[in-house]
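Generate the whole structure from the sequences, applying the supplied hints.
In the numbering used here, each number is its position in the sequence shown, counted from 1, plus 389.
Derived from the structure by calculation, the hints contain no laboratory data.
The hints are all genuine.
Taking CB as the label site, the calculated pair distances span:
no., residue 1, residue 2, range
1, SER493, PHE521, 39 to 47 Å
2, GLU564, THR417, 48 to 56 Å
3, TRP497, VAL517, 26 to 34 Å
4, GLY559, PHE525, 21 to 29 Å
5, LEU523, LEU465, 58 to 66 Å
6, LEU495, LEU523, 40 to 48 Å
7, ASP433, LEU523, 56 to 64 Å
8, ALA473, ASP425, 16 to 24 Å
9, LEU486, LEU523, 54 to 62 Å
10, ASP561, LEU486, 41 to 49 Å
11, GLY487, PHE521, 46 to 54 Å
12, LEU465, ASP561, 56 to 64 Å
13, ASP425, LEU495, 22 to 30 Å
14, GLU468, ASP425, 26 to 34 Å
Quick caveat: nothing in here was measured; it's all calculated off a predicted structure.
Even glycine gets a Cβ: it sits at the ideal position worked out from N, Cα and C.
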Amino acid sequence: MPDEQHDDHAGHGHEHPADGHDGASHGTEPLGPVDDAPIHAAVDALAAALHEYVGTAVGVRTEFGASEADEDPRVLALEAAIGALNAQLYDALHDSLGMHPDLSSLVWGAEEDLGTGADADAPPAPEVAEPFYLGFVVGPGQTPDTSLDAVIDFLDNAGEQVVAALVESGFDVPEWAASRGEAADFDGYGDADDEAPEGER
390 MPDEQHDDHA GHGHEHPADG HDGASHGTEP LGPVDDAPIH AAVDALAAAL HEYVGTAVGV
450 RTEFGASEAD EDPRVLALEA AIGALNAQLY DALHDSLGMH PDLSSLVWGA EEDLGTGADA
510 DAPPAPEVAE PFYLGFVVGP GQTPDTSLDA VIDFLDNAGE QVVAALVESG FDVPEWAASR
570 GEAADFDGYG DADDEAPEGE R
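Next comes the structure, spelled out in structure tokens:
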């Protein structure tokens, strides 16, 4: 059973005084001017410890294997110190702003996905329309009644069924085409510059 003095916001076990949260920092009204010096001091202390950790880890790794470096007392001591400094930064933000920042989660993502200063929780950018193609290589028919000229009619009929199915599934199909010899040119969709082949719908 969790300790009643611990605050479980966002999964953090954080102790508060017996009288609970500070009314001003945890109130529903904007705070107005805030002294952010203690917050910046906590960030500076954490940054200095992280730089020290990098220097120590690089030095230890040049002397020992990866497993030994992970367990080196100097590395473990700095990891513990960084954990404590993370907690101090949390406290500085929490005490000043009443917020419960989650600053120590690990998130892997490509830079192009997150970008510098990007909001990882922001909704994805809306998709734009793109051309899609379904191609066939069709040989001449075995009877005089099945010439290649009739193929475009088959594709027209099939295209109408596909469009109906896409629209029924909730997609928007602003243009579609049945073409012969090359992909149809959809103005504004893709990079094709040639005029649309005969048979575009």
